[in-house]
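Participant: Read top to bottom, the protein sequences are chains W and Y. At position 19 of the first sequence the residue is numbered 19 (this note's numbering), and the sequence of numbers has no breaks. At position 53 of the second sequence the residue is numbered 53 (this note's numbering), and the sequence of numbers has no breaks.
Simulated from the structure, these hints should not be mistaken for laboratory data. Any given hint might turn out to be false.
Using 20 Å as the maximum straight-line C-alpha spacing, the simulated DMTMM-like pairs for lysine to aspartate or glutamate come out as follows [as the list claims (entries may be wrong)]:
#, chain 1, residue 1, chain 2, residue 2
1, W, 99, Y, 27
2, Y, 37, Y, 49
3, W, 42, Y, 84
4, W, 83, W, 59
5, W, 99, Y, 49
6, W, 83, W, 53
7, Y, 22, Y, 49
8, Y, 37, W, 3
9, W, 99, Y, 2
Sample of chain Y residues lacking proximity to chain W, with all beta carbon distances greater than 12 Å (derived) [what the hints assert, rightly or not]:
#, residue
10, 8
11, 15
12, 62
Keep in mind the model is a prediction, meaning the values are calculated, not measured. Even glycine gets a Cβ: it sits at the ideal position worked out from N, Cα and C.
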Amino acid sequence: EPEVTQTPSHQVTQMGQEVILRCVPISNHLYFYWYRQILGQKVEFLVSFYNNEISEKSEIFDDQFSVERPDGSNFTLKIRSTKLEDSAMYFCASAADSKNIQYFGAGTRLSVL
Amino acid sequence: GENVEQHPSTLSVQEGDSAVIKCTYSDSASNYFPWYKQELGKRPQLIIDIRSNVGEKKDQRIAVTLNKTAKHFSLHITETQPEDSAVYFCAANTGTASKLTFGTGTRLQVTL
């Protein structure tokens, strides 16, 4: 069964550093999403991406965050200057269309020290 | 924006008993309601979903019901087993790209 893959599984960084989280969505999927989950809390929407542009973003997704689909397979989330409160599990998800099931990757645990 | 509330936050049942988790949503435009199971340190896994054009859906021991008028939906697990122990999240979609708004989760523990 096809899966969404995310790398790295764990990223440790110093406050103020830039990080790039990588995702390979399921091929032939058209909608891509990033969510985050702070330890012990619910999953929160960050951003959705379709047709090479952001469809929607949440209040969390401020100008420190950006997304990119640099080629036909990767979908990245960049945090320019990490803060302690950015520490969380970041999940990528993809869907064949907006009415379809969203499949989640295994996540990247980001630890900001 | 959409707000999804979920109850209870924790639920402990004995093996073989049924478990019910309830969610309410606020956006009447939401039309897709998935349920995800998340084991510790793992990704959310879709276990069942329901669309607004049906009132109930069943898959073996798992069922979901939807009341559009009242804006609530529920997950029912029958004949619970220890491997059902996990955190369960309900969600509702909104927006043109159908982002998911999640509930706060229910930690289900099935005891022997």
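Participant: Kindly indicate which numbered hints from before are broken by the structure, ordering the numbers from low to high.
Facilitator: 6
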